[in-house]
Structure formats: C-alpha cells, structure tokens
Amino acid sequence: HGTHVAGIIAAERNNGVGVKGVANNAQIMSIRAVPNGDEYDKDIAMGIRYAVDNGARIINCSFGKAFSPNSEWVHDAIKYAATKDVLIVHAAGNDGLDIDASENIQYPNDYNNSSDTEIAENVIVVGSLTQNYGAEMISSFSNYGGKNVDVFAPGSGIYSTMPGNSYKSQGGTSMAAPAVSGVAALIMSYYPKLSAPQVKKILMQSGLSSKTSVILSGDPSKAKSFGKISRSGRMVNAYNAMIMADGVAKGRVRI
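At position 17 of the sequence shown the residue is numbered 854 (the working numbering), and the sequence of numbers has no breaks.
Check before you lean on any hint, since a few could be wrong.
Using C-beta positions, here's what the derived DEER-type ranges look like [to be verified]:
1) Met866 - Leu1045: 45 to 53 Å
2) Gly994 - Lys1061: 33 to 41 Å
3) Asn907 - Met866: 19 to 27 Å
4) Asn852 - Ser1050: 38 to 46 Å
5) Gln864 - Lys1061: 32 to 40 Å
6) Gly874 - Val854: 39 to 47 Å
7) Ile1080 - Thr920: 42 to 50 Å
8) Tyr1027 - Glu849: 16 to 24 Å
9) Lys1059 - Lys1087: 40 to 48 Å
10) Pro1000 - Glu940: 34 to 42 Å
11) Thr840 - Glu955: 29 to 37 Å
12) Asp890 - Gly839: 15 to 23 Å
Lysine to aspartate or glutamate pairs mimicking DMTMM-like chemistry, simulated, CA-CA at most 25 Å apart [said to hold, decoys possible]:
13) Lys1065 - Glu955
14) Lys1030 - Asp890
15) Lys902 - Glu849
16) Lys984 - Glu958
17) Lys1030 - Glu973
The set of hints was computed from the structure by calculation and includes no laboratory data. Beta carbons: idealized from backbone N, C-alpha and C, even for Gly.
Input sequences plus hints: build the corresponding full structure.
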C-alpha cells in the first residue's frame, strides 16, 4: 500500500519504466504509523510530529477510520503541523458515505463538529474519481461531503509501483490523496515561498468544475450534482494549479 502510494507521488519520470510519478522533484519520507488494521491515534499524532520535525512540507495520509477515542491528540498534531507550515493531504475514505453526517464521521479530520469549524487551514481531504467522465465519475467506494471533503482526484484503477520491482493497478481514496500530494509537491518545488494554506486554496480553486449529476455509492438513487459533494465542487488539475500558483507567487492573482 505504501509503495503504491509513494509511486503515485514520485516514481521516476524519465526512466521509461512502469509509471511516471506526478511530481518530478520530490523526496519520500516513509513513516510506518498504521498496523494491519485501524491505526492508533497516538501513532498518527507521533507520525505527524516526526514528519514535521524532520523537514516534511507535505504529509500524505492514505488511511482512516470511523472511531477515534483520542482524536484530540491528532488534532493537536495537525495544529502543530500548521504552525510549521506543513500541508496535510488526507484520503476521504472508502465506505461510499456522506461523511458530513454525524454518524459517518471519518478520522483523522480537521473539523471540530461541536463548533462547526475547521481546526486548521493546512488539511485538504480528497475523494476519488473514476476514469469515466459523466454520471459514473465518482468511484462507487468514495466518501463524499460538501463540508468534509475538499476536492476529488483520480483514484480508481491507478497503476503504480509495488514491492519487488513490480507494478499493479489499485483503487481507493488512498490513491486519490497522493495524486493531490504530488501536485502540491510540484507547486512547492517551483514556488517554495507559497504557504501550505495558499497551496490548499490553489488546489481547490484551480480545479475543474462540472454541472454533471453523479452517482454516489454506486446507487443511482443517490445522484447529486458534482458541485455539491465537496467544498470546492472541483477535481484537482495540475496544469491549472501551476498557472494559478505562478500568478499567486508573482502577485498577479489573489486567493
């Protein structure tokens, strides 16, 4: 899982083998914080802090769960990352649920449900797209939510690196998140003075919108407008993101 995610972000682009990663100037810091099962809150909190303290500018979180007895530990780590200007990219989850609903909350998250506000401005949550534009554009497994999902990115049938010098197609919001992490890395490598909140806004505001009604959870009766199932109503687009990043970095564009 980790090898597949890492390849989506940063697989060698110029060797003519396998797959090209999204970013061409990224280094991977591999931190094992999830066992074979749901992760412990203390391990995620410590993993985030370790990454921040050792120079990470982007933390890709391709994991999640529905129960978090010590979520405040993770929230504190997210806030710590925010003080160090580190962007956190989190997978929305693979249960086909509206995670705005109180019974469907996914962890870790950046939302204080009691006050209905975000705890920090450095977290971007990613849902999954299929290869098909139109009604079947949203992966049937992907969670969604106009409040708790920020953007969508490709996550179905993604071909990437695997252990043992091999390659394989896999699907999940775990694959959509590193696509966004890769674009974020691309932006930061060319425009290193942009802050994490700026990069988040660029990723959200520069994406492609659609007025298409999309099927959710693989159930046609749950169809909604694509624009209403995430905060931005958009799918991340690297080309547009780089154009906007250039404008923001040079003071031509305000976000």
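Review point. Is the gap between the beta carbons of Asn907 and Met866 within 19 to 27 Å?
Key: holds (24 Å)
Practice item. Take the C-beta atom of Asp890 and the C-beta atom of Gly839, compute their distance, and say whether it sits inside 15 to 23 Å. Key: holds (20 Å)
Review point. CA of Lys984 to CA of Glu958, is that 25 Å or under?
Key: holds (14 Å)
Exercise for review: Please test the hint of 39 to 47 Å on the beta carbon pair from Gly874 and Val854.
Suggested key: The hinted range 39 to 47 Å is violated for Gly874 and Val854, with Cβ atoms some 33 Å apart.
Review point. When you check the alpha-carbon spacing of Lys1030 and Asp890, does it fall within 25 Å?
Key: Given that 25 Å is the threshold and the Cα spacing comes to 19 Å, the pair holds.
Point to revise | Distance restraint between Lys902 and Glu849, which requires alpha-carbon spacing of 25 Å or less | key: Answer violated: Lys902 to Glu849 is near 31 Å, above 25 Å.
Review point. How does the Cβ-Cβ distance of Ile1080 and Thr920 compare with 42 to 50 Å: does it lie in that range?
Key: With Cβ atoms ~30 Å apart, the hint is violated.
Point to revise | C-beta pair Tyr1027, Glu849: status relative to the range 16 to 24 Å that was hinted | key: 19 Å Cβ-Cβ, so the 16 to 24 Å window holds.
Review point. So does Met866 sit 45 to 53 Å from Leu1045, Cβ to Cβ?
Key: The hint (45 to 53 Å, Cβ to Cβ) is violated, given that Met866 and Leu1045 are roughly 30 Å apart.
Review point. Do Pro1000 and Glu940 keep their Cβ atoms within the hinted range of 34 to 42 Å?
Key: holds (37 Å)
Check your understanding: CA of Lys1065 to CA of Glu955, is that 25 Å or under?
Key -> The given pair, whose Cα atoms are some 19 Å apart, holds under the 25 Å limit.
Review point. In this structure, is the beta-carbon distance linking Lys1059 and Lys1087 contained in 40 to 48 Å?
Key: holds (43 Å)
This entry does not satisfy hints 1, 2, 6, 7, 15 and 17, going by the numbered hints stated previously.
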